[in-house]
Amino acid sequence: MNQAIKIMLWRVYKKTFSLICQYRFDYASRKKDRDALDRQGNEEEKSKLKAQFLREYDDIPDMKLHNYSLFGDMPAEKVDYDRIIYDTYDYLDKLIGFKLADIFYAIFHQYYEFSKDLRALRLSKYIRFGTDVEREIWMLRYGLTFEDIEWAAPCIESIDEQEIVFNEKYDELTKEQRAVLERFHY
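Read left to right, the sequence shown gives residues 15 to 200 (the working numbering).
Careful, some of the hints might be misleading.
Derived pair list, reagent style EDC-like, types lysine to aspartate or glutamate, alpha-carbon separation capped at 16 Å [unchecked claim]:
#, residue 1, residue 2
1, 113, 73
2, 62, 49
3, 45, 94
Here are the computed distance ranges between Cβ atoms for each label pair [what the hints assert, rightly or not]:
#, residue 1, residue 2, range
4, 28, 72, 23 to 29 Å
5, 188, 133, 15 to 21 Å
6, 132, 46, 37 to 43 Å
7, 186, 46, 25 to 31 Å
8, 89, 16, 22 to 28 Å
9, 130, 191, 37 to 43 Å
10, 107, 133, 26 to 32 Å
11, 151, 86, 39 to 45 Å
12, 100, 77, 34 to 40 Å
13, 52, 28, 29 to 35 Å
14, 55, 120, 22 to 28 Å
15, 100, 151, 42 to 48 Å
16, 189, 83, 22 to 28 Å
17, 132, 162, 26 to 32 Å
Because the hints were derived from the structure by calculation, they are not lab data.
Even for Gly, the Cβ is constructed at its ideal location relative to N, Cα and C.
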């Protein structure tokens, strides 16, 4: 659960999937420690470093679930980035996306309806969408990713449940970028 909460908070802070994977990789592979030992020229100590404990995704609830590390007793320099990617995706998709996000969203949204505390509404939006900016929420609802939003936002004049209206900057996009948006461009 610790890993899921950490990943969910990174999403709230608008961290991209690749950046979240990088954070987890740097932690598990003890990048800071290895870099420090590299600077000292201490290859022997560096090779002895074990990977940090990083809880592997597992479906919950499961009463028989044991706490185990994704990399066990593996040397830190042998940590596999691809394995981090798959594990992070499982956390985001299976646990946070399908279970935790809806629960936390509902809790904070109900609290907002009860108390009218705008902080609860903002947090509920951050948990569900990763942002509380209505314009970005609409872009996400249309299927754009945060990475897409970075380059697409300047090209969008207005957006709502009816349509996306593009401005003249749409024509300046690359062919690949236009391919992402062409289904919305009339």
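Structure-based check of all given hints:
| no. | hint | result |
| --- | --- | --- |
| 1 | 113 / 73 | holds (10 Å) |
| 2 | 62 / 49 | holds (14 Å) |
| 3 | 45 / 94 | holds (13 Å) |
| 4 | 28 / 72: 23 to 29 Å | holds (27 Å) |
| 5 | 188 / 133: 15 to 21 Å | violated (39 Å) |
| 6 | 132 / 46: 37 to 43 Å | holds (38 Å) |
| 7 | 186 / 46: 25 to 31 Å | violated (41 Å) |
| 8 | 89 / 16: 22 to 28 Å | holds (23 Å) |
| 9 | 130 / 191: 37 to 43 Å | holds (40 Å) |
| 10 | 107 / 133: 26 to 32 Å | holds (28 Å) |
| 11 | 151 / 86: 39 to 45 Å | holds (40 Å) |
| 12 | 100 / 77: 34 to 40 Å | violated (25 Å) |
| 13 | 52 / 28: 29 to 35 Å | holds (31 Å) |
| 14 | 55 / 120: 22 to 28 Å | violated (54 Å) |
| 15 | 100 / 151: 42 to 48 Å | violated (28 Å) |
| 16 | 189 / 83: 22 to 28 Å | violated (44 Å) |
| 17 | 132 / 162: 26 to 32 Å | holds (28 Å) |
In summary, the structure is inconsistent with hints 5, 7, 12, 14, 15, 16 from the numbered list given earlier, while agreeing with the others.
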